[in-house]
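Peer 1: Chains as they are written, first to last, in this note's numbering: chain U, 78 to 462; chain D, 78 to 462.
Some clues are possibly wrong.
Heads up, the list lumps identical chains together, so a pair's fine if it works in one copy or across two of them.
In silico SDA-like links for lysine to any residue, alpha-carbon gap of 20 Å or less [claimed, not checked]:
1. 420 / 456
2. 92 / 445
3. 237 / 257
4. 84 / 446
5. 345 / 102
6. 301 / 200
7. 416 / 396
8. 420 / 462
9. 237 / 110
10. 392 / 114
11. 237 / 260
12. 348 / 181
13. 243 / 309
14. 427 / 135
15. 84 / 181
16. 420 / 394
17. 237 / 104
18. 421 / 400
19. 242 / 287
20. 154 / 197
21. 293 / 168
By construction, these hints were calculated from the structure, which means they are not laboratory data.
2 protein chains.
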Amino acid sequence: MKQGFGKLTSFQDAKELLYTLVKETDNEAIPLENALHRVLAEDIIASIDVPHFRKAAMDGYAVNAVTTFGASNTHPKVLQKNKYIEIVTGAPMPQKMDAVVMVEYTEKYDDTLRCSKAVTPGENVIPVGSDITKGTVLLQKGSQLNPRSIGVLASQRIKKIRVKKKPVIAYFSTGNEILSLNEKLTEGKIFDINSFTIENALLELRCETINLGIVKDEKEAIKKKILEGTEKADFVLLSGGSSLGKRDYIVESVQDLGEVLVHGIAVKPGKPTLIGKVNNKLVLGLPGYPTSALSNFYILVVPLIERMVSRTSKKNTITAPLSKKIVSTIGRYEFLAVKIENKKAVPVQKGSSAITTLAEADGFIEIDENTEVLNKGENVDITLF
Amino acid sequence: MKQGFGKLTSFQDAKELLYTLVKETDNEAIPLENALHRVLAEDIIASIDVPHFRKAAMDGYAVNAVTTFGASNTHPKVLQKNKYIEIVTGAPMPQKMDAVVMVEYTEKYDDTLRCSKAVTPGENVIPVGSDITKGTVLLQKGSQLNPRSIGVLASQRIKKIRVKKKPVIAYFSTGNEILSLNEKLTEGKIFDINSFTIENALLELRCETINLGIVKDEKEAIKKKILEGTEKADFVLLSGGSSLGKRDYIVESVQDLGEVLVHGIAVKPGKPTLIGKVNNKLVLGLPGYPTSALSNFYILVVPLIERMVSRTSKKNTITAPLSKKIVSTIGRYEFLAVKIENKKAVPVQKGSSAITTLAEADGFIEIDENTEVLNKGENVDITLF
Chain U
78 MKQGFGKLTS FQDAKELLYT LVKETDNEAI PLENALHRVL AEDIIASIDV
128 PHFRKAAMDG YAVNAVTTFG ASNTHPKVLQ KNKYIEIVTG APMPQKMDAV
178 VMVEYTEKYD DTLRCSKAVT PGENVIPVGS DITKGTVLLQ KGSQLNPRSI
228 GVLASQRIKK IRVKKKPVIA YFSTGNEILS LNEKLTEGKI FDINSFTIEN
278 ALLELRCETI NLGIVKDEKE AIKKKILEGT EKADFVLLSG GSSLGKRDYI
328 VESVQDLGEV LVHGIAVKPG KPTLIGKVNN KLVLGLPGYP TSALSNFYIL
378 VVPLIERMVS RTSKKNTITA PLSKKIVSTI GRYEFLAVKI ENKKAVPVQK
428 GSSAITTLAE ADGFIEIDEN TEVLNKGENV DITLF
Chain D
78 MKQGFGKLTS FQDAKELLYT LVKETDNEAI PLENALHRVL AEDIIASIDV
128 PHFRKAAMDG YAVNAVTTFG ASNTHPKVLQ KNKYIEIVTG APMPQKMDAV
178 VMVEYTEKYD DTLRCSKAVT PGENVIPVGS DITKGTVLLQ KGSQLNPRSI
228 GVLASQRIKK IRVKKKPVIA YFSTGNEILS LNEKLTEGKI FDINSFTIEN
278 ALLELRCETI NLGIVKDEKE AIKKKILEGT EKADFVLLSG GSSLGKRDYI
328 VESVQDLGEV LVHGIAVKPG KPTLIGKVNN KLVLGLPGYP TSALSNFYIL
378 VVPLIERMVS RTSKKNTITA PLSKKIVSTI GRYEFLAVKI ENKKAVPVQK
428 GSSAITTLAE ADGFIEIDEN TEVLNKGENV DITLF
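So here's chain U without its partners, still in its complex pose:
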């Protein structure tokens, strides 16, 4: 039995190292119809004023404000034909009119309009460019497009946009004990959970995924998969086999093909993690335990993929008080799953081997290496899934 990982790499160092091992993806132009959740590759500058014409803000009559001056309930002004034009909310203002008298303050008598309230120039008129002014930066490079920002792009008649290409990630699970869902359960075996959780987590990040299946603990088979992954994808993710003992085939395989840069990270859970480089591409070996694999995914892979598409928009984080005291380990960066109950952050702790831990959680908190205790009631920042 090997005697441990030696010196563990700190979470921050591992994260920074990962950034150096991937490249920003290229840009591509796509139709606005397909833009949902993609990341803008350039700033969008408004080329059209919105509205690009003066609009009525109310139902009523477009007038020249000066003709209403002095009008009141007791002394209405009477406007002759051509001095007023009926208008509905949102309609373009007639060229020579500069205000709208709300219908409530008017009465029609044949061709004349009695106006019981004076309006000032511009009153009840939406000016040109009040929503969007030509030349302003509407959306910034790095923002992830949502239904609302796509609407803003449509207002500018932007039919194609330049976005970052989706990162392409190859993935496989390793281990003699891992069964595909087409196999029968026998003693000591478990079904492949990680390829489902990781593939779907990648899809939520708008990545393209290449599922390379399950590989047994055989060095040549593992090496073949790693090579296949580096050829087809921007980087290779795998789970299992990065621990010690029988499961160190990943270390040897990466060493044979390239370079092992990190083996063992000071995170909890998720220590047995490997960072390597093969064919100048990142190979990231996650732990085999489903919860450990996913927790490393959330704290290491998510920021990495955000970096690859230069995504700047923030993730959903909220703040809530802890429901109970938490004791953490000095020297280990900890990922702690929590659920939100009665506006409190309730830790979900069933151990890193429990696959149900994360399914019950709403998000997670991160506890740095130097924090030993978080007290009950203390406010913590929660990243929502």
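With chain U fixed as given, assemble chain D onto it according to the hints.
Peer 2: Here is chain D on its own, set in the frame of chain U:
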């Protein structure tokens, strides 16, 4: 000019009415591979214990606990060959062993193991079913599947799952002033924003969308689109033309084809909304203004679609103090877009005609009809987009 909507329908009444006009979608069986964000149509009962064998929780030696009783640093117990078996974390426990002594408390001498700590039966052993116990309800009908819950399903070797079918929604924009992005901007016209915002908001809800394009203010054309929508979709959404004045073609069209049930809702923004029934299907006319259309979408259509798929999982809501005092209108249910800045809810108010309002927001708060003032610093519930 018509003189108003008459009596407005309250938000709650409108919402309840909408529920009566749609049906729950059918169930369908889909492969687990395609399950992301779908809604479970049935409870999932565990059929496999996880783990389904006893596992070592630590690296060390599997032993019979009784053989270590009395062991201490000063008085180690010496175990002969066959009384201990080397084991790594996660490996199946040998049948006759019931505990694991951590490697730190052992020393090997030839064939014997010196054990400097006593263990109790079950110590450092993960029991069968400790994560998932056969027979328990793992996931409930109505929960929306995420990467983590899909992992739980994989652990149970569930290759196909029964989910609610996606609602199918037909949509069109109406108005002579509405241009497609292929047309040139001229005085008084605006580009079709709503079909982009609404279609993408529907996609985020995992609906199937049928985009019926843009229809001019012509009754026969509108009627044709409504009929096409009711034939192809579970319900029809449209925007524009549900106001007064020139834009009442939607009211007349729905009246000709079926029944207008509500015209005008006491919400702000979003009053000019129509609820009708054609071919026994809901026709929901949203306001033409992009922000009003979307705000009604979020407060009326989102709950409706959640109801159609019997979705129970909560949306992301957070609580934060208001950055400033808000005055609302008694008798109107108000949708107020907010952004989160320095953990405060900052209202984003540029008027319902502004398309940028929602693009800048992180979510919204709802202010009921009977609330006139929300004070600065008051905690409000925010539904995140």
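Peer 1: Next step is simple, just say for each hint if it's right about the structure.
Peer 2: Tested hints:
1. Taking the shortest alpha-carbon separations for residue 420 and residue 456, both the intra-copy value of 11 Å and the inter-copy value of 12 Å come in at or below 20 Å.
2. Proximity of residue 92 and residue 445 under a CA criterion of 20 Å is satisfied intra-copy only: 13 Å inside one chain copy versus 46 Å between copies.
3. In this assembly of identical chains, residue 237 and residue 257 lie within 20 Å of each other by CA distance solely across copies; the values are 14 Å between and 41 Å within a copy.
4. With identical chains, the CA atoms of residue 84 and residue 446 are at most 20 Å apart within one copy only, with a shortest distance of 15 Å there and 62 Å across copies.
5. Within a single copy, residue 345 and residue 102 get their C-alpha atoms no closer than 30 Å, and across copies no closer than 43 Å, so neither meets the 20 Å cut-off.
6. When the C-alpha separation of residue 301 and residue 200 is checked against a cutoff of 20 Å, the pair qualifies neither within a copy, at 73 Å, nor between copies, at 40 Å.
7. In this assembly of identical chains, the alpha carbons of residue 416 and residue 396 lie at most 20 Å apart whether taken from the same copy (12 Å) or from different copies (15 Å).
8. In this assembly of identical chains, the alpha carbons of residue 420 and residue 462 lie at most 20 Å apart whether taken from the same copy (16 Å) or from different copies (19 Å).
9. In the homo-oligomer, the alpha carbons of residue 237 and residue 110 lie at most 20 Å apart inside one protomer (9 Å), although the nearest pairing across protomers, at 31 Å, exceeds that limit.
10. Taking CA atoms no more than 20 Å apart as the test, residue 392 paired with residue 114 passes in both settings, with 13 Å inside one copy and 18 Å between copies.
11. Within a single copy, residue 237 and residue 260 get their C-alpha atoms only as close as 46 Å, which misses the 20 Å cut-off; across copies the closest is 15 Å, which meets it.
12. Taking identical chains as interchangeable, the C-alpha atoms of residue 348 and residue 181 lie at most 20 Å apart only when they sit on different chains, with a minimum of 18 Å there against 71 Å within one chain.
13. In this assembly of identical chains, residue 243 and residue 309 lie within 20 Å of each other by CA distance solely inside one copy; the values are 13 Å within and 33 Å between copies.
14. Taking the shortest alpha-carbon separations for residue 427 and residue 135, only the inter-copy value of 15 Å comes in at or below 20 Å, while the best intra-copy value is 59 Å.
15. Proximity of residue 84 and residue 181 under a CA criterion of 20 Å is satisfied inter-copy only: 17 Å between copies versus 79 Å inside one chain copy.
16. Taking CA atoms no more than 20 Å apart as the test, residue 420 paired with residue 394 passes in both settings, with 14 Å inside one copy and 10 Å between copies.
17. In this assembly of identical chains, the alpha carbons of residue 237 and residue 104 lie at most 20 Å apart only when taken from the same copy (12 Å versus 37 Å across copies).
18. Proximity of residue 421 to residue 400 under the C-alpha cut-off of 20 Å is restricted to the intra-copy arrangement: shortest distance 6 Å within a copy versus 22 Å between copies.
19. Proximity of residue 242 to residue 287 under the C-alpha cut-off of 20 Å is restricted to the intra-copy arrangement: shortest distance 15 Å within a copy versus 27 Å between copies.
20. Proximity of residue 154 to residue 197 under the C-alpha cut-off of 20 Å is restricted to the intra-copy arrangement: shortest distance 14 Å within a copy versus 98 Å between copies.
21. With identical chains, the CA atoms of residue 293 and residue 168 are at most 20 Å apart between copies only, with a shortest distance of 15 Å across copies and 69 Å within one.
Hints 5 and 6 from the list above are not met by this structure, while the remaining hints are.
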